Amino acid sequence: SRAVQRSLAIIRHARQKKQQKQYCMYYNRFGKCNRGNTCPYIHDPDKVAVCTRFLRGTCKKAKGICPFSHKVAKEKLRVKGERGNGVLSPLQMPVCSYFLKGICNNNDCPYSHVYVSHKAEVCEDFVKGYCPEGEKCKKKHTLVCPDFSKMGSCPQGARCKLHHWQRAQRSSARPAAPLPDQRGRSREPASRSGPRRG
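If you read the sequence shown in the working numbering, its first letter stands for residue 1256, the second for the next number, and so on.
Distance windows between CB atoms, simulated:
#  : residue 1 : residue 2 : range
1  : H1368     : H1268     : 40 to 48 Å
2  : K1416     : S1372     : 19 to 27 Å
3  : A1264     : P1322     : 34 to 42 Å
4  : D1301     : H1419     : 26 to 34 Å
5  : R1261     : P1322     : 39 to 47 Å
6  : I1266     : W1420     : 40 to 48 Å
7  : R1414     : P1322     : 20 to 28 Å
8  : D1402     : K1356     : 14 to 22 Å
9  : W1420     : H1268     : 39 to 47 Å
10 : D1363     : K1315     : 17 to 25 Å
11 : G1412     : A1264     : 34 to 42 Å
12 : A1264     : H1368     : 48 to 56 Å
13 : K1374     : R1414     : 16 to 24 Å
Rather than coming from a laboratory, the hints here were simulated on the basis of the structure.
Here the structure is a predicted model, which means the values were calculated and not measured.
Backbone N, C-alpha and C define an ideal beta-carbon position, used for all residues, glycine too.
Build the full structure now, drawing on both the sequences and the hints.
Have a look at this one:
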């Protein structure tokens, strides 16, 4: 009937409006989305993740070709002696994994130095590509699964939205230290209370 068709149209329109208020996690995390203009979510270039290779000075893709942001906060540009007009807010800046472990001694470190409790949960907004809390967020800004990193398995299995990275085995008797992931984030912040006892 006509009333049913109208009701369905209203529901579809409301659903599309709601989706438009959410950012596309693929566009924010990877700087591109395979759906392009047909994607129902927001593609905001100001919310794209920073290029960690650019921060290290090793991005081989020219500006405009690299899908990630090459805009860095002005204070970080001054530290590195570069000039630029773009400002990447702390909302997108990866946290220094060495700082989280208490061992960053790089005065020119381009990454944010923000401490997050080792007991904190993973920030769902960051996993989706953009956290509006930025440096004030009390949750972990990581893309590596802390459960898998610690125990070698994850209770969520294939449903987990985070990376499950295998650590390279070392030949020495000393256990391997966690490595930062490709976005410069720590797998797990270091505990301030010292090593855990079994």
